[in-house]
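Novice: Protein chains in written order, with the UniProt record's numbering: chain A, 1 to 227; chain B, 1 to 218.
Hints should not be assumed to be uniformly reliable.
[As the list claims (entries may be wrong)] Okay, the calculated beta carbon distance ranges per label pair: (1) W51/B with G206/A: 16 to 24 Å; (2) R216/A with W51/B: 25 to 33 Å; (3) V28/A with S84/B: 52 to 60 Å; (4) H139/A with G214/B: 27 to 35 Å.
These are computed hints drawn from the structure, not numbers from a lab.
Where is the CB? At the ideal position from N, CA and C, for every residue including glycine.
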Amino acid sequence: MTLDFSTLLPYTDQILHGLMTTLWLTAVTTMAGIALAIVVAYLRDGASKGRPSLVSRLLGGYVEVIRNTPFIVQLFFLFFGLPALGIPISATVAALLAMTLNLGAYTAEILRAGIDSTQRGQHEAARALGLSRLQSFRHVVLVPAFSRVYPSLISQCIIVMLGSAVVSQISVFDLTYAANFIQSRNFRGFEVYLVVTLIYLLLAVGLRLAFEFVGRRLFAFRQGGSA
Amino acid sequence: MTDFTLWDIVRNLLLAGRWTVVLSLIAFAGGALVGLVLTLARMGGLKPIRWLIRLYVDLFQGTPLLMQLFLAYFGAAVLGFDVSAWTAASVALTLFTSAFLCDIWRGCVEAVPSGQWQASRVLGLNYLQSMRHVILPQALRLAVPPTVGFSVQVIKGTALASVIGFVELTKAGTMLNNAAFAPFTIFALVALGYFILCYPLSRYARHLEKKLYGAGIR
Chain A
1 MTLDFSTLLP YTDQILHGLM TTLWLTAVTT MAGIALAIVV AYLRDGASKG
51 RPSLVSRLLG GYVEVIRNTP FIVQLFFLFF GLPALGIPIS ATVAALLAMT
101 LNLGAYTAEI LRAGIDSTQR GQHEAARALG LSRLQSFRHV VLVPAFSRVY
151 PSLISQCIIV MLGSAVVSQI SVFDLTYAAN FIQSRNFRGF EVYLVVTLIY
201 LLLAVGLRLA FEFVGRRLFA FRQGGSA
Chain B
1 MTDFTLWDIV RNLLLAGRWT VVLSLIAFAG GALVGLVLTL ARMGGLKPIR
51 WLIRLYVDLF QGTPLLMQLF LAYFGAAVLG FDVSAWTAAS VALTLFTSAF
101 LCDIWRGCVE AVPSGQWQAS RVLGLNYLQS MRHVILPQAL RLAVPPTVGF
151 SVQVIKGTAL ASVIGFVELT KAGTMLNNAA FAPFTIFALV ALGYFILCYP
201 LSRYARHLEK KLYGAGIR
């Protein structure tokens, strides 16, 4: 059997459609997931001074459950489980929700490492200078923590983009769904999967470059600094 | 249609869970073996070999595991092999694991101060002897926590083998759901199964990490 990539040409539209879905799913969940992680980190940071509060424990439970179960099971639980409880949910919404909850948990843990390495004294100094808890969290704790853990954050967002291939299993028309669709039509499984795998590889490289570009702008204050 | 009791569901999930454990062990053992060879070749090898291994690592880290499974499954058919889901899943997960472990371990070997290398070479040890007696014992200490941590990713990765028809915990969950239609209970139990396997390993990895840094390494 020989390889024949020309059999893919009639399906360019499907591949582009899948590519666009994968891209916007990643874009939306990256922003929503990071926002969620900031909220989780803020609530946990506030609680970390004394005994862990109920909220802090619940959030810790959320992070551990997500980090110790497979994404595909989280996705199935939301997509099949919620309608059975009387909450109707579409495949796309289930995919967005699962990806956001997943990235949120991992990013919250990454951020926590960055926050923990901020010296306690800086936080106290900011409060003493009259900044509110929120202002101090934002300017003194969060931004330096972000710049410190930014490389891990990039890797995590790429992992979520690659992991989004799984949403094809609940029939979201992403890049992998396009590959399965084409494979079921022309029975050229290897060629299709090889091409789509390479597209994912390019996406991963592109995403990393884009994140690094944004990071250089965002954290320009660190260049030449001692932080 | 037969009625499923909670015990029927749990029993079937436990039976299928065995295959999650077995596949995880195969992937981890195979991946560790291949990863070790790759790490050693990468540390000592010629430039083209190092470059090839880096490409290998980047390929597996930059593409979805699901695609790797599909390629192993369909690629083997193109090459004329009739592979079972067992073989395809074992091969794909082994290669996936080896790439990540190679990357983790390379970092650990590089973290051993270069003075250690120079000293052992000056003392007349050759490359293999230096590696065996000086570098690896030190790198090993650094490598244990992240390696235990990565084993959690391997266990979670086996869930994707369900997609190519390998009957493990996740696949058993979807099959049971088709018959019993109790998705909330079933997938909560499936998640619990993974949690029971993964959480102790996560905790252990964190404990080892704390111990290592507490001991003043680095």
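Novice: Now look at each hint and say whether the structure bears it out.
Specialist: Cross-check of the supplied hints:
1. W51/B with G206/A: 16 to 24 Å: Because 22 Å falls inside the window, the suggested range holds.
2. R216/A with W51/B: 25 to 33 Å: holds, 27 Å
3. V28/A with S84/B: 52 to 60 Å: At 38 Å between Cβs, range violated.
4. H139/A with G214/B: 27 to 35 Å: The hint (27 to 35 Å, Cβ to Cβ) holds, given that H139/A and G214/B are roughly 32 Å apart.
Hint compliance for this structure: hint 3 is the single one not met.
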